Each structure stands twice: as C-alpha cells, then as structure tokens.
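Asks: Chains E, P and Y: place on chain Z using the hints.
Protein chains: 4
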Amino acid sequence: MIRVTIYNEYVHEKKDEAVRAIYPDGIHMALKKHLEDEELQISTVTLDELPEGLSDEVLENTDVLVWWGHMAHQHVPDEVAVRVQQAVLRGMGMVVLHSGHHSKPFKLLMGTSCNLTWRENGDYELVWVCNPAHPIAQGIGRFIKLEAEETYGEPFGVPEPDELVFIGSYQGGEVFRSGCCYRKENGKVFYFQPGHETVPTYHHPEILKVIKNAIKWAHPIYRVKALECPHVGKPLED
Amino acid sequence: MIRVTIYNEYVHEKKDEAVRAIYPDGIHMALKKHLEDEELQISTVTLDELPEGLSDEVLENTDVLVWWGHMAHQHVPDEVAVRVQQAVLRGMGMVVLHSGHHSKPFKLLMGTSCNLTWRENGDYELVWVCNPAHPIAQGIGRFIKLEAEETYGEPFGVPEPDELVFIGSYQGGEVFRSGCCYRKENGKVFYFQPGHETVPTYHHPEILKVIKNAIKWAHPIYRVKALECPHVGKPLED
Amino acid sequence: MIRVTIYNEYVHEKKDEAVRAIYPDGIHMALKKHLEDEELQISTVTLDELPEGLSDEVLENTDVLVWWGHMAHQHVPDEVAVRVQQAVLRGMGMVVLHSGHHSKPFKLLMGTSCNLTWRENGDYELVWVCNPAHPIAQGIGRFIKLEAEETYGEPFGVPEPDELVFIGSYQGGEVFRSGCCYRKENGKVFYFQPGHETVPTYHHPEILKVIKNAIKWAHPIYRVKALECPHVGKPLED
Amino acid sequence: MIRVTIYNEYVHEKKDEAVRAIYPDGIHMALKKHLEDEELQISTVTLDELPEGLSDEVLENTDVLVWWGHMAHQHVPDEVAVRVQQAVLRGMGMVVLHSGHHSKPFKLLMGTSCNLTWRENGDYELVWVCNPAHPIAQGIGRFIKLEAEETYGEPFGVPEPDELVFIGSYQGGEVFRSGCCYRKENGKVFYFQPGHETVPTYHHPEILKVIKNAIKWAHPIYRVKALECPHVGKPLED
Chain Z
272 MIRVTIYNEY
282 VHEKKDEAVR
292 AIYPDGIHMA
302 LKKHLEDEEL
312 QISTVTLDEL
322 PEGLSDEVLE
332 NTDVLVWWGH
342 MAHQHVPDEV
352 AVRVQQAVLR
362 GMGMVVLHSG
372 HHSKPFKLLM
382 GTSCNLTWRE
392 NGDYELVWVC
402 NPAHPIAQGI
412 GRFIKLEAEE
422 TYGEPFGVPE
432 PDELVFIGSY
442 QGGEVFRSGC
452 CYRKENGKVF
462 YFQPGHETVP
472 TYHHPEILKV
482 IKNAIKWAHP
492 IYRVKALECP
502 HVGKPLED
Chain E
272 MIRVTIYNEY
282 VHEKKDEAVR
292 AIYPDGIHMA
302 LKKHLEDEEL
312 QISTVTLDEL
322 PEGLSDEVLE
332 NTDVLVWWGH
342 MAHQHVPDEV
352 AVRVQQAVLR
362 GMGMVVLHSG
372 HHSKPFKLLM
382 GTSCNLTWRE
392 NGDYELVWVC
402 NPAHPIAQGI
412 GRFIKLEAEE
422 TYGEPFGVPE
432 PDELVFIGSY
442 QGGEVFRSGC
452 CYRKENGKVF
462 YFQPGHETVP
472 TYHHPEILKV
482 IKNAIKWAHP
492 IYRVKALECP
502 HVGKPLED
Chain P
272 MIRVTIYNEY
282 VHEKKDEAVR
292 AIYPDGIHMA
302 LKKHLEDEEL
312 QISTVTLDEL
322 PEGLSDEVLE
332 NTDVLVWWGH
342 MAHQHVPDEV
352 AVRVQQAVLR
362 GMGMVVLHSG
372 HHSKPFKLLM
382 GTSCNLTWRE
392 NGDYELVWVC
402 NPAHPIAQGI
412 GRFIKLEAEE
422 TYGEPFGVPE
432 PDELVFIGSY
442 QGGEVFRSGC
452 CYRKENGKVF
462 YFQPGHETVP
472 TYHHPEILKV
482 IKNAIKWAHP
492 IYRVKALECP
502 HVGKPLED
Chain Y
272 MIRVTIYNEY
282 VHEKKDEAVR
292 AIYPDGIHMA
302 LKKHLEDEEL
312 QISTVTLDEL
322 PEGLSDEVLE
332 NTDVLVWWGH
342 MAHQHVPDEV
352 AVRVQQAVLR
362 GMGMVVLHSG
372 HHSKPFKLLM
382 GTSCNLTWRE
392 NGDYELVWVC
402 NPAHPIAQGI
412 GRFIKLEAEE
422 TYGEPFGVPE
432 PDELVFIGSY
442 QGGEVFRSGC
452 CYRKENGKVF
462 YFQPGHETVP
472 TYHHPEILKV
482 IKNAIKWAHP
492 IYRVKALECP
502 HVGKPLED
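The listed protein sequences correspond, in order, to chains Z, E, P and Y.
Just so we're aligned, residue 272 is where the first sequence starts under the numbering used here, counting upward by one.
Just so we're aligned, residue 272 is where the second sequence starts under the numbering used here, counting upward by one.
Just so we're aligned, residue 272 is where the third sequence starts under the numbering used here, counting upward by one.
Just so we're aligned, residue 272 is where the fourth sequence starts under the numbering used here, counting upward by one.
Mixed in with the good hints, there may be bad ones.
Note: identical chains are not told apart, hence a pair may lie in one copy or across any two.
What the hints assert, rightly or not - No more than 20 angstroms apart at the CA atoms, straight line, and that leaves these computed lysine to any residue pairs for SDA-like:
| id | residue 1 | residue 2 |
| --- | --- | --- |
| 1 | K505 | G393 |
| 2 | K480 | P322 |
| 3 | K416 | I293 |
| 4 | K285 | K416 |
| 5 | K416 | M300 |
| 6 | K304 | M272 |
| 7 | K480 | N332 |
| 8 | K303 | I273 |
| 9 | K286 | E310 |
| 10 | K303 | V470 |
| 11 | K416 | Q442 |
| 12 | K505 | E418 |
FYI, nobody ran anything at the bench for these hints, they're computed from the structure.
Given the structure is predicted, the values throughout are model-derived calculations rather than measurements.
Here chain Z stands alone, though its shape is the one from the complex (with noise of 0.2 angstroms):
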C-alpha cells in the first residue's frame, strides 16, 4: 500500500464555473476518485489547508506526494516548499503535474527557472513514448491523444532529466519534453506535463494510467536516514 498524498490549490475550479463542469469536486478529488484502489491509498490537501496541511508530519507519512497548481503558487508558504523539498531529498517521492513546474518546490529541487513558452487555444496534443521499457510508459501504446490541451514548449528550463519518458507535440508543431525523471538525493520526482485546467485531462484512463505508474516508480523503497554531514574517525579505526 502506498500513501499518496495529493495536493491541489483548488482555486480555478471554485472560480471559474468552465473548470468545476469539468471537476466539480477539485481535480485532487477527481484523481483521487480515480487512482484509489488496493494499491493506492489516497489524502488530499488544497491551498487553504496549509501549512498544517502538508507539515512534517504529514509528509512523514507520505511516500509520494503528487501536486497541481498554477495561480496561486506565490501563496504557498515558503515554509511549506522548504518542507517538500526536504521530505524529497530524505526519500519521498513526489509527481509534478502541468503548471506545478513552476510551483515552488519543483523550482528549489531543480533549482533552475523551469521556465517554458506556452499558449492556450484548444489544439490537439500526442504525447509520445521514448523510453518503452520504463516503468512509467508501462500499458501504454506509441502515443497517447488529448483531443484539447495547452500547448506547451521547449526550451523547457530544467536540468536535463535522468531519464526522458515522453515527448509531446501539438497541433502548432511546438515539442515539450513532456514526462521527465529525476532523482535528488534520496528521493524521485516526475515531472508530468498534461493536465490543463479546461480540458477534461484527468478523465483520460491512459493520462491516470502514467501517473498511477509515475506514482508507483516513485514510491521509495524505504526512507533513508537523511545525508547529513559527519564528524567521522577514520574508516578502518570505526
């Protein structure tokens, strides 16, 4: 079983009646409706629940944290990324979905701008599968179809990742380094990039496929004792 806690800022869809169509409960409620089963054991957190929300507590008990956000990414509390970030590098795992590449915690762990070029008007994207032997591609075909998403481009201001899952490309033309592996320090993060706010893209059985597999790439063995940083004798006189 693995404790997944998934955070979502919940604000587009209590604004914006287009959105709560789509996910009347939250897109965190709409995952978690979908991914929970047997193997998945599920909490949910928005942005008016922090900090207590996501504290060391919480994340303690969470072995992979998967997170949405887009709006409000300057109102989580800096306490709250530094806490995330630092549950990762101790072995947490942690899934970025769509606009979180430019949530806080993503940014202190890559520690570049994660910046991108976009546009939003409807067009088609196919994400494809580069790596057909990773976990994370695991049951899906060549390509996966979103009749409507953003469009997202490169570059792509990020570390280049350890291991490249999926590429995407759109109606335009534009490409996007689309499913990307890192490993930091004692922890592993995803970053996925379908999941625009107006388009139903959490409702895509093979969308929730790759992020039940990310989720299950992710989950930590066991949770290391963080690196820390020794006073140590000599190796052989221990």
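Replies: Just chains E, P and Y, lined up with the frame of chain Z:
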C-alpha cells in the same frame, strides 16, 4: 584549422536522377563546398574508396569525421567500422547525419539497435532547439523549418543522450530526438537527424550552421593517448 | 521468481589449485549456492557449454544474466556475444562481474574499450556507497571492506554511468567506479568490480547482498518487443 | 579575455594566524596572483563587501565566478545567493571550491543538501583523473598528490554529475567525487573539492591548473538571454 573528413556512400546520387538533381556531385561535395572556409579543411571519401579511404593514417589525420550513409551500410567493411570506432575512442570527433543512425560505426559506438520509426511522404519538419546555450545551437532561433524531410519517430533506440540539443516535430505529429550529444571515452559524437537524399536539406543555411557548430564542438582538444590497461605499481611508489 | 543464468568461463578453477581451494565447484556454483532462494531460480553455464549453453532459447528464458570471465574472453564465440547483447537490448538484465569488464558482450553494450589500470598484490579494498538510496545499495553500510582484492584503477574506459552506486578505494590509494548502472535500450546492465579469482570475495555476505540487489534491479518489468524500424502511417490516420 | 570574479568570505585568514601564514592576503588574493594572466582578468570580492560587491551589475560583467566560503555561509545575504543563482541560469560560469559545497548559491543551484562526511587530521589526498579527455583535466597526469587536505567522504548529496572528472582518495581510505560538472540551464558549474584553509593547496601548480581549466570550461560562449515563459503564437504563423 580543423581537419574534417566527410564520408558519403555516394550511391543514391549515381542511381537516382532526382537525387542527382539536388546533389549533382554528391552530398559530400555539397557539404564540402558549403562548409569549407578558413576554419575547416575538408577532405571527402566515398564507399568505393574503402577500405583505404579510411585507413588508420587517414583517421589519424582527421579531427572530425562526418558520416552520411543509407542503402549501402552493409557494404562498409567491418574493419573500417571498427577502425572508425577506435579512432573516436582515442579522441576523434564524429558527426553522424540522418540515416547514418544505422551505420556500422554509429551502432558500434552506441551499443544499441539505433532503430526508429519512419515514413517518407514529404511532410515538413520543425527542428526545435531545446538547449539554447549549447554550442551546437548557436546562431539558430527557436526552430529551423524544413519544407520537406523524411519523418523519423520515437522510440529511437539509443542510449539516453548526454545532452539533447534538438527535438524534431513533423507534420504528421511525430517527434524525434534530432540532435543528440555523446561522449565516448575520449571522443565526442553528435547525431543530427535532417538530411534525406530527396530533399535539399544540405543546402539550407541553418542546417549547415548546425553541422559546422557540431564539427567545432566535436573537435578534440588534443588527441589523448588511447586508454590502456597497464600493470602499474602503487601510486605512491611511482 | 526471477530466472537467473550465471555464466562463468570456469577455467581458472580447473587450472589453478589455489583458486580451486576457494571455489571447488567453480565461481558459478558458489554464486548459485549462495544466491538461490525462493526469489531467484538459478541456472549455470560455462565456456565449454557454448554456444548452445547461451542459445536464443536459453536467453529468452533468462530474466537476468550474470557474467564472470577473465582469461578466456576470446574463446567466447562472437555469435554468443551478439546474442547476449541483443537479448539485453530486448530487455534482459545483465550483471557483469569483475574482469567481465573486458568480456565481449559488455564491450559490445558499452561501445568503448572498457580499459582500466590494475595491479595484483593483495591490497585491501573499501567499496564505498555513494548513492545510499539506490536499490542496489540496500542493506549495505557506509562501505564494504574486502581484506584482499585485485586493485583496479581509473580511468575506466566506459560511458558516464547513468547512476554510480559504488566507488572503490584500495590500499595503494587508487580509486575505481566499482558499481555502475546503465540502461541499454530496453535492458539494464550493472557492472560490479569485486571478485578476483584468488580471493574469497564471492563468499562475502555483503558482496552477495549487492549481487542479489543488482539482479532484482536489472530484472525486466516485462520483456518488451524489440524496438523495430517500421514504415508507418501518419499517427492520426492509424 | 575572461572576466573572473573571485569571492572569498575572508574570515579564517583574519582570525587564525596559521591560516594567515599560508594566505597572508587571503585565499582570493593568492588565487588572483597565481591565476591572473593575459587570458584571465580577475577581480575579487569578500564577505564584508556584500551585498554591493556582487550586485547585478558586477555579475553582469562577470564571465566566471569562483567561490570560496566556509564558516560564514550564513552571513551571505539571501538576495546575493539568489542573484548568483540567476546569473548562472542566464549563462555565467561558476567554479565552487572546497567547503563552498555548503554555500547558499551552490545549494540553490543543486537543489539538494550537498551534505558529505568529513574529518580533519592532515591525511594526504590523491585526486585521480577519471575522464582524461575532459578539458578540465588537461595537463594533469594520472593523479595530483596533496600532502595534506581535509578528508571529504561519500555520500555526497548532489545530483548525479553530468560529467565526473576527478575522484579523490584519502589516506584513511575514503573516496569523494572531487570534480563534478553540471549544466544549469544556460550556465555551467564546476565543483572542485581541494582547498582547506589550513593547508597550502592553492599554491599547488596542478590545482591552479585545474582551476584555470575549469574557468575556461565554464566560460559562456555568450550570455544568452534568460529563458522566459512567453505567450506565443503558433510557430508557422510567426
């Protein structure tokens, strides 16, 4: 002054009038004509000049080898392929073009199948820069548009590139890792996807700019002595 | 249940009484005896059983191949080396031990010389964990001490590992990248340096722990169909 | 001409006579004196000159920033650390020395704890070249011997280096990834471990050679315009 040798199998141009119309003296001579200047001193060699044309002596006097091949990969002698591989491991640079992904020396260097999907029907390609600070992308804008190219598609059966510089997208929606950097022991290898024989890709100024950048990037600082496997004394008794 | 095949050339043990004293039935049988349990089902094959012993059928029924070879690398038929390489590219895992760095299949997979420096005079080795969260390091402390090992030294002529798990240091002061992970198309390869034939390394519980961890790490999720190079239609017309 | 700025916190040298005996004018002035030549134009800045000493204007006119800090990391203003990080992301090179592994800008760039193990008792170090063709290793033999250095040990809590150039081994048997290359968006970062304040490491000709090589390697081809996050039209309508 960088000493460049361009290998072209030079078969399509002799057999097929449409190809000859684009490259009357062969792809190698078009590249030589376009690229030669005060920085690059260029020799050419074709399949019918092998194996002598790529002797150890020739390779020893080549800083960067450019390779174009397609229908005659199997006619390149194994000894030449091994010689090229060994020269790269000793420090020679190599730029592998288009269908050279299936050439013997490239496959020896990658250790993988180098397979890909493909189709050929005149679609356009956009070659996107995903690493704008890379030396190979200098002087290129957001993308290069090629009015027609052969379509290559993922998955591309190569090791994860050390640095990915370009991603191509095609009219049909496919994507391909079009510009891939590898360090192989003491040598550097760049794979660059554009360049189907039936379209005038190697007359395109930006494509030529990329190839020249790649030659300069792959140029060895100096030729290191090949790594050996010596029986040595303890370091502090040296 | 993981189906493991252990290849050992089995030459030293028959020729040299000192080696036979350590491994009376050969390194392969020592590894089989120590490693076989409810998770690992182990077969063995030796040089004099080639090429049939590593037929396509055998490889098709092997999840992870373990390889030990040294003085008889050149007697492994080329066809077997290529068959092993191809099996890895299709998804079989491979754990290459000690002087297997110069084996034909490992060199084919790496694409490089795999050279290193070495000396043999009974120095001790410390095998340090540099990636404590990696599955292959689980159950190991800060380092493994081996009272005596052959000394291997940098530079090691391999591609930059995808993940470096162990670095060895030796009494004479040398260092070596002792545990290196590679993804090769659909298969995973782990190189692990300890295991000279004249010392009882493969009776050491922590070394056996690492080898078992590596087998589990290299175990393919499933055998993917080999990547091919198909002529395909446009994606949206599929 | 490369414009280099050397930051040194310059605290040990003022507080501790033994350090002052080695570096009477500070580590920064020793480095400047040893490194300045017709290729490198060097400025220096110390902790008591911050934040103005590393203003945006200074950084805009710095090609490569060299950083030495230890006991006063926490006194570097956060705004300076962020400014340095942003300058690297825009293309400035950075060479981080010794205990700079725990400096604020390096930790921001890595996104990890950058922890390590350590002890301080005058052991010697051998700094081994594991990538002899790398520009930073040019002019160095198999290893550099330092008669005394602080011992650093794995695990080192950093992302897997893009290229590993040096591995150190110490008298006590420890190992450490002593020379690590990173690309961070448009900038390059090199971490180099030697340089404890109580030993004359920065008077050692080979160490100075490495630092100079690293400065040249990190030197940006040109300062790219920072990646942004633009709202753009379809590519073919541009």
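Asks: If a hint holds in the structure, say so; if it does not, say that too.
Replies: Structure-based check of all given hints:
| no. | hint | result |
| --- | --- | --- |
| 1 | K505 / G393 | between (62 angstroms within a copy, 12 angstroms between copies) |
| 2 | K480 / P322 | neither (30 angstroms within a copy, 42 angstroms between copies) |
| 3 | K416 / I293 | within (18 angstroms within a copy, 37 angstroms between copies) |
| 4 | K285 / K416 | neither (28 angstroms within a copy, 42 angstroms between copies) |
| 5 | K416 / M300 | neither (23 angstroms within a copy, 43 angstroms between copies) |
| 6 | K304 / M272 | within (16 angstroms within a copy, 33 angstroms between copies) |
| 7 | K480 / N332 | neither (24 angstroms within a copy, 29 angstroms between copies) |
| 8 | K303 / I273 | within (13 angstroms within a copy, 33 angstroms between copies) |
| 9 | K286 / E310 | neither (33 angstroms within a copy, 53 angstroms between copies) |
| 10 | K303 / V470 | within (18 angstroms within a copy, 51 angstroms between copies) |
| 11 | K416 / Q442 | both (11 angstroms within a copy, 15 angstroms between copies) |
| 12 | K505 / E418 | between (61 angstroms within a copy, 16 angstroms between copies) |
Checked against the numbered hints above, the structure violates hints 2, 4, 5, 7, 9; every other hint is satisfied.
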